[in-house]
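Trainee: Chain by chain, the residues:
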Amino acid sequence: NAGVTQTPKFRILKIGQSMTLQCAQDMNHNYMYWYRQDPGMGLKLIYYSVGAGITDKGEVPNGYNVSRSTTEDFPLRLELAAPSQTSVYFCASSYSIGGRTGELFFGEGSRLTVL
Amino acid sequence: DAKTTQPTSMDCAEGRAANLPCNHSTISGNEYVYWYRQIHSQGPQYIIHGLKNNETNEMASLIITEDRKSSTLILPHATLRDTAVYYCIVRVAVDSNYQLIWGAGTKLIIKP
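Chains A and B, in that order, give the protein sequences.
For the first sequence, our numbering begins at 59 and goes up steadily by one.
For the second sequence, our numbering begins at -9 and goes up steadily by one.
Don't read these hints as lab results, they were simulated from the structure.
Just so you know, not all the hints are guaranteed correct.
What the hints assert, rightly or not - Partner residues aside, some chain A positions facing chain B, computed with beta carbon under 8 Å:
(1) M99
(2) G100
(3) V108
(4) G109
(5) G111
(6) F148
(7) T159
(8) F164
(9) E166
(10) G167
(11) L170
Idealized CB from N, CA, C, for every residue including glycine.
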């Protein structure tokens, strides 16, 4: 089973460039999330989605955008990259039925450096 | 901000029980405690969660104090592959959904 797949695994951007981190899951989970992790720190929630067509901001949404046109895909867009966005980005998914949310399944991460 | 406090690092001998403490003194009555771990720089992996009762699964046991202000994750027979950063997390309600609030975690090193 593929689980949660993120691409690319590594990327170097110049300041001001834009890019999209891709995330796909094949578990038919309705919830999907984007986190960032800075060195030695825990994860910070950027955006999340409770289903196709629905997205909401997390703790640190500034400088990012998301869309959720299908259940499977949840891309994260960085506009006008800044050095502060240098981080490791994790996509995750979970089911939620009747208000009960299951465990998060994470991808392997995308390491982004902005120079 | 994180609602949990954990030691920065701990050591444990291989084959012994690893006991990882966590303080969450401001936890509310309906907020769950979750544990995840992150091996090297991989994506975090779910371990266990609980509300007020002790919980056990094939990976670990979770002991929550009666006042719910602290908990302990127990890995009963630690192996070298259990070396990882362990995160104690409180799940909080935000609007009509839930979010996991992550701290910096405990780096657990299992020694041969």
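Trainee: Hints first: check each against the structure and report whether it holds.
Mentor: The hints, checked one at a time:
no.: 1; hint: M99; in the structure: holds, 6 Å
no.: 2; hint: G100; in the structure: holds, 3 Å
no.: 3; hint: V108; in the structure: holds, 6 Å
no.: 4; hint: G109; in the structure: violated, 11 Å
no.: 5; hint: G111; in the structure: violated, 15 Å
no.: 6; hint: F148; in the structure: holds, 6 Å
no.: 7; hint: T159; in the structure: holds, 6 Å
no.: 8; hint: F164; in the structure: holds, 3 Å
no.: 9; hint: E166; in the structure: holds, 5 Å
no.: 10; hint: G167; in the structure: holds, 6 Å
no.: 11; hint: L170; in the structure: violated, 13 Å
Of the numbered hints stated above, those contradicted by the structure are hints 4, 5, 11, listed in ascending order.
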